[in-house]
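Engineer: Next come the chains, spelled out residue by residue.
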Amino acid sequence: MSTLTTAAYLVSSVLFILSLRGLSHPSTARRGNFLGILGMTIAIVTTLSNPGVLSYKEIGIAFLIGGLIGTSIAVKIQMTALPQLVAAFHSLVGLAAVFVAASAYYNPSAFNIGTVGSIPMGSLIEMSIGTAIGAVTFTGSIIAFGKLQGFVSGNPLVFKGQHFINLLLGLGIIALIVKFCIDQNQELFWLIVFASFVIGVLLIVPIGGADMPVIVSMLNSYSGWAAAGIGFTLSNNLLIITGALVGSSGAILSYIMCKGMNRSFLNVLLGGFGGEQAASAGGVKDDRQAKQGNAADAAFMMKNSKTIIIVPGYGMAVAQAQHALREMGDLLKAAGAEVRYAIHPVAGRMPGHMNVLLAEANVPYDEVLELDEINRDFSETDVAFVIGANDVTNPAAKTDKTSAIYGMPILDVENAGQVFFVKRGMASGYAGVQNELFFRDNTLMLFGDAKKVCEDIIKGLEN
Amino acid sequence: MSEISNQLESLSYKAQQIANEASQLASSVAETSGGHSDFIIFGITVLVLACFVGYYVVWSVTPALHSPLMGVTNAISSVIIVGALLAAGPVDSNISKYFGLVAVTLAAVNIFGGFVVTNRMLSMFKKKQ
Chain A
710 MSTLTTAAYL VSSVLFILSL RGLSHPSTAR RGNFLGILGM TIAIVTTLSN PGVLSYKEIG
770 IAFLIGGLIG TSIAVKIQMT ALPQLVAAFH SLVGLAAVFV AASAYYNPSA FNIGTVGSIP
830 MGSLIEMSIG TAIGAVTFTG SIIAFGKLQG FVSGNPLVFK GQHFINLLLG LGIIALIVKF
890 CIDQNQELFW LIVFASFVIG VLLIVPIGGA DMPVIVSMLN SYSGWAAAGI GFTLSNNLLI
950 ITGALVGSSG AILSYIMCKG MNRSFLNVLL GGFGGEQAAS AGGVKDDRQA KQGNAADAAF
1010 MMKNSKTIII VPGYGMAVAQ AQHALREMGD LLKAAGAEVR YAIHPVAGRM PGHMNVLLAE
1070 ANVPYDEVLE LDEINRDFSE TDVAFVIGAN DVTNPAAKTD KTSAIYGMPI LDVENAGQVF
1130 FVKRGMASGY AGVQNELFFR DNTLMLFGDA KKVCEDIIKG LEN
Chain B
4 MSEISNQLES LSYKAQQIAN EASQLASSVA ETSGGHSDFI IFGITVLVLA CFVGYYVVWS
64 VTPALHSPLM GVTNAISSVI IVGALLAAGP VDSNISKYFG LVAVTLAAVN IFGGFVVTNR
124 MLSMFKKKQ
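Residue numbers (the numbering used here), protein chains in the order written: chain A, 710 to 1172; chain B, 4 to 132.
Treat the hints with care, since some could be wrong.
To be verified - Residues from chain A shown here face chain B by an in silico Cβ test under 10 Å; the list is partial: (1) VAL720; (2) PRO817; (3) ALA936; (4) SER958; (5) ASN976; (6) GLY1057.
Keep in mind that the hints were calculated from the coordinates and are not lab data.
The beta-carbon is built from N, C-alpha and C at its ideal position, and this holds for glycine as well.
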């Protein structure tokens, strides 16, 4: 690698770091994205000027096809479908890593790692590890995509001896890698790929739909490590640096998501949590009656309050209620109330999903606050309006040690003067735990589709 | 005359081939005799330091922008296209080159998709008027 090339790759790496840095505030974020594009352009142009790269025509066609597909999907995709889009994209990075490694195996001289049959040991180790991570990322992301999109049931699929099989497969892959590094046999290479494909499926299958924020972040991390693995094969620092950035970013996001649910990463990975099964088994029959209100009551009471905090959850996104909700908020603001939004770390199906959905509905970002920014304010708030969220408001998380959600950080909506709960029915939430809040004196249930309820309240406010 | 020139041409072609093989052999010897293992240590150093950079940079990202963060990281992890381009680069067609071209396509989907969708998300975040 010439000095100039190395320098150009270094510039790319720095631009990527600055691009992530830009995301520290919404006002600098777009510039950050632009720096990322610039870094990628420099990386591609530098590689194209490598003397070994000659087939510009074929590369151009491949690049154009990929670019067109990627752009047209990204332009059309609905923001509610963002998590599955990201999962699908991760799978492509994984697959690309497998193809690059396969290519390096069949034509090592293009990568300066010896010749066919006599690739140095170090490169073989890196190549096979990169391949394995890439292959796991590929099939794991496809299953995550299927679960989020609804192609595969969101319920956890658990069977006996699952973890034992995974362990055996994991050990098998390690054995295959060792044997491959000694023999350099092509069958062994494809066996590693195949076994990693299988383990990718088995790892994600037992994980429930609502745990997907953790899984999508984890796969994000894997795609980074796969890139770093290929970076070692190519002796390329740019790939290693970028891979480490992406890898640590995904790891931190999955840590944040786990903490938001007070679950350990291992507990999520072992799976079997949540889904319909758990909800019906855990939902204890309750004879208590929750107070039920209607949209007109809610409209009247909110019109006369000074401070309102809206707590949106995934149910709001499912009902596509965000635009109606924002309209309701606007009317309340016009009536003189202070309206803010409180976001729980695990609201939505990927980190920050709810913020994007509200932003899309034209809610200004400075009205949208995180749990620790707003939680104290509930006690001085007239109305808490909970829409499509449940477990994240359950006070049992603080008081009931036997509860499945004990220890999970919650939004203290119970401290507000009046709580409205927009829900389709009395069913318990994802964790299968009954919400104490439904039976409090200051709680009024508004049963119905989230969008419909918002529209009814809007009508009530306009009259 | 033409025969001699033909012979010369084939001879020079052979010489070229031998030179190529020799250079490949030399490079592979250099790799096995430590050139590459040096890079492993160097590469691990870079990896560890970059993890620390990533740690501090990512914690400074505001939680409201965690979705765009995933979009950007998804796009930049496709820097793997560097490897794909090297694989697709040689003129002669073989399986290795086709693998490389497929990888170029996959990575391009990601690069464009990732940056475009992130830009879409970020353009929605507006301040209170």
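Engineer: Each of the hints needs a verdict: does it hold here or not?
Structural biologist: Going down the list of hints, with the structure as the test:
1. VAL720: violated, 13 Å
2. PRO817: Nearest chain B Cβ about 8 Å off; hint holds.
3. ALA936: OK, holds: ALA936/A within 10 Å of chain B, min 5 Å.
4. SER958: holds, 5 Å
5. ASN976: This hint is violated: ASN976/A lies away from chain B, its Cβ roughly 21 Å from the closest one there, beyond 10 Å.
6. GLY1057: holds, 8 Å
Checked against the numbered hints listed earlier, the structure breaks hints 1 and 5; every other hint is satisfied.
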